[in-house]
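Colleague: Sequence:
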Amino acid sequence: MSISSLPSSHFPLIIFTWLSILVYLLISIVIVRHRRIVPAFKNPFFTLALAQSIPSILLLLHIELLVRPREYGLFQIFRVQTNSICAAILLGLQTAQKSQVIFFHISIALNRFTAFVTVVFHRKV
Numbered sequence: 003m004s005i006s007s008l009p010s011s012h013f014p015l016i017i018f019t020w021l022s023i024l025v026y027l028l029i030s031i032v033i034v035r036h037r038r039i040v041p042a043f044k045n046p047f048f049t050l051a052l053a054q055s056i057p058s059i060l061l062l063l064h065i066e067l068l069v070r071p072r073e074y075g076l077f078q079i080f081r082v083q084t085n086s087i088c089a090a091i092l093l094g095l096q097t098a099q100k101s102q103v104i105f106f107h108i109s110i111a112l113n114r115f116t117a118f119v120t121v122v123f124h125r126k127v
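Residue numbers (this note's numbering): 3 to 127.
The hints are simulated quantities; they were obtained by calculation from the structure and are not laboratory data. Be careful, since some hints might not be right.
[Said to hold, decoys possible] Derived CB-CB ranges, DEER-like: (1) Leu-27 to Leu-95: 40 to 46 Å; (2) Leu-93 to Lys-44: 24 to 30 Å; (3) Leu-63 to Ser-109: 18 to 24 Å; (4) Lys-44 to Arg-70: 33 to 39 Å.
Keep in mind it's a predicted model, so treat the numbers as computed, not measured. All residues carry an ideal CB built from backbone N, CA and C; glycine is no exception.
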């Protein structure tokens with residue numbers, strides 16, 4: 003099979019995914035480079051943003067480089083004749099990356115919730 007076997011609806015998704023990877027990489031680079039210089043980047047929000055961007059990048063790369071080609075038969079890793087240990091490792095990586103993305107979304111949601119609640123219930127002394 004070749005790239006022509008991909009449905010035409012996947013091409014905008016491919017473009018969007020690679021643009022997302024680029025944006026996540028730029029966010030990570032800016033936070034890491036300017037963290038020592040700009041005091042605002044030492045904020046826990048930017049730490050959470052950096053912590054979320056790393057598994058998101060890995061998950062998007064995993065989808066683009068392993069899942070989509072496997073789904074449309076662009077390479078032969080998941081054929082019956084090949085080693086099934088490779089497929090199990092890739093499935094485990096995908097599961098771990100998805101759980102990391104979910105856990106970082108939960109931590110950011112808790113951070114935003116506590117920021118909202120502390121402002122609402124703050125008492126002046």
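Colleague: Quick check: which numbered hints come out false for this structure?
Modeller: 1, 2
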